[in-house]
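Model the full assembly from the supplied sequences, consistent with the hints where possible.
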Amino acid sequence: MYAQMVKSTGQAVRTRDDMTVEERAFQDRIDRGEKIEPKDWMPEGYRKNLIRQIGQHAHSEIVGQLPEGNWITRAPTLERKANLLAKVQDEAGHGLYLYCAAETLGVSRDELFDMLHTGKMKYSSIFNYPTLTWADMGAVGWLVDGAAIMNQVPLQRTSYGPYARAMVRICKEESFHQRQGFQVMLTMARGTKDQKRMAQDALNRFWYPALMMFGPSDKESVHSAQSMAWKIKMNTNDELRQKFVDETVPQAEFLGLSVPDEKLTWNEETEHYDYSEPDWSEFFDVISGNGPCNAERLKTRKKAWDDGAWVREAMLAHARKSRARREAAE
Amino acid sequence: MRDTTSALFEFLLRQGDNALVLGHRTSEWCGMAPVIEEDIALANIALDLIGQAKLWLEYAGEQEEAGRSANDLAFLRDAYDFRNLLMLELPNEDFGRTIMRHFLFDAFQVPWLEALSESSDQRVSDIAQKASKEATYHLERSEYAVIGLGDGTEESNRRMQNALTDLWPFAGEAFRDDNIDRAMHDAAISPLPSMLQPVWKIKVQSTFQLAYLTPPDSEFAHSGGRIGFRHTEHLGHMLATMQFLQRAYPGATW
Ligand SMILES: [Fe+2]
Ligand SMILES: [Fe+2]
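Top to bottom, those sequences are chains W and D. One point on numbering: in the working numbering, the residue at position 80 of the first sequence is 80, and numbering is uninterrupted. One point on numbering: in the working numbering, the residue at position 142 of the second sequence is 142, and numbering is uninterrupted.
Think of the hints as simulated: they come from the structure by calculation, not from any bench. Glycine included, each C-beta is placed from N, C-alpha and C at the ideal position.
Simulated coverage check for chain W against chain D, where a stretch passes if three residues somewhere in it have a Cβ under 8 Å from a Cβ of chain D:
#1 61 to 68
#2 76 to 84
#3 89 to 103
#4 192 to 202
Just some of the chain D residues that point at chain W, by a computed CB distance under 8 Å:
#5 H24
#6 V35
#7 I36
#8 I50
#9 G51
#10 A53
#11 K54
#12 A70
#13 A74
#14 G148
#15 R159
#16 F244
#17 L245
Have a look at this one:
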């Protein structure tokens with residue numbers, strides 16, 4: 001997802017007997033569906049796990065501006081240009097809400113940026129794929145925002161209050177992005193021969209990377225078990241991936257495009273689609289820095305940050321000077 | 001009558017192309033700004049300008065009566081048919097220069113759009129009223145940033161001074177009246193641009209004083225953009241990017 005393979009405590013979920021009194025009370029609150037707020041007591045592992053997850057999610061929104069930003073200057077009409085610009089702007093806004101949510105856990109935005117830039121924190125694997133034609137703007141909205149929604153809708157009920165509230169705002173916009181992407185895809189799929197070809201090619205390239213967004217199967221992961229007990233994670237990766245496939249395949253059919261999976265079939269018994277797993281070795285390559293665009297994405301973000309240093313310093317200096325001048329005048 | 005119509009068409013292209021070209025340049029910042037808040041604000045400005053471009057160009061297309069839509073005008077004209085100010089097509093370069101360009105333009109645009117709000121042409125007046133609110137907000141922001149960055153640090157002051165020195169010779173183009181402007185003035189559609197220069201000067205000079213910046217002591221102004229006679233080399237590259245899809249796949253619906 002936007003947060004993939006997030007580490008929790010690395011230990012098996014503790015039984016009630018192993019918990020301290022505080023931990024037991026904390027777990028009870030979560031089990032009752034209460035929200036944990038920034039000033040409440042929380043286990044250190046919970047706090048760290050959340051920082052990793054929210055941070056990774058925030059970074060994904062910010063780095064995620066780049067693949068779509070790549071087409072803003074080439075959008076084919078004024079309306080499409082405005083829609084895409086507004087969409088990418090929303091993603092920046094999502095990044096902002098999420099950094100603010102992470103800050104309530106005692107980590108600053110600058111620290112988080114530093115961890116992104118030094119590779120200590122990751123962002124979603126999906127944003128390390130290039131956007132090569134205009135149809136990719138359709139595919140990204142339809143598939144990537146579509147996959148993001150699968151994971152983020154349940155996160156509106158996550159146990160940490162600021163995170164849950166950020167998700168409520170974000171989800172509304174993500175569904176709008178998904179519909180907008182689908183519209184672009186539909187126009188292309190119903191368009192000229194070239195446009196159809198671009199649409200199919202975009203689906204071919206983005207299908208498996210979209211499935212990878214959910215992360216590898218985590219049925220046996222101790223990290224996921226702990227995150228789920230704390231309601232930081234609401235579903236297993238496989239559950240969400242299945243839901244995504246089940247919802248997306250009929251949409252692809254409606255578009256008249258074929259999903260690049262020969263094994264894809266409707267299973268009458270399970271009432272789900274059977275589908276091929278993505279190539280997980282590719283996923284691990286991307287996650288460890290060897291995706292098609294990892295180096296470039298990070299370089300672009302670092303350059304933007306470094307180039308902007310003088311502006312940030314100057315605005316701080318100006319604020320300091322203005323304050324001093326005001327005080328001197330009093 | 002025919003003359004006023006074709007002059008009005010030219011006039012509308014000037015308004016639309018200014019908004020389109022600066023909107024496009026601003027959109028190039030997407031994902032690259034110094035802080036997230038600034039990324040969001042620049043996207044807002046780009047969106048306002050692209051929205052304005054659409055309104056002006058739509059009206060231009062109707063005036064022309066050749067069946068061209070706003071998109072046809074934006075994506076299917078070559079550089080020599082563009083009528084924007086030269087300053088707006090220059091590359092962004094650093095953030096300081098981007099902000100300085102916005103400020104020089106916004107300080108013109110605010111009184112200009114206010115005047116156009118009183119236009120004898122109802123449609124011009126309607127578009128100007130909408131755009132005027134946006135321009136007021138843009139000017140507040142760019143003015144604040146010019147003062148902040150001019151005052152901030154030694155480096156930021158140096159960068160802002162360089163930006164001002166570079167852009168100053170392009171700022172005067174907006175105020176050079178020609179026959180189109182006189183025709184618009186005669187029809188009470190717009191004031192003469194030169195009439196706004198004194199107000200503009202007072203505004204920018206007072207801001208530069210607060211920002212510890214000094215404009216070059218020169219009245220020289222490059223020209224050729226708004227009359228379409230001679231653009232810079234940059235516009236062609238901008239259009240090659242912007243118009244790529246419409247040119248490569250003619251007649252497709254997007
Ligand atoms: Fe988002
Ligand atoms: Fe989105």
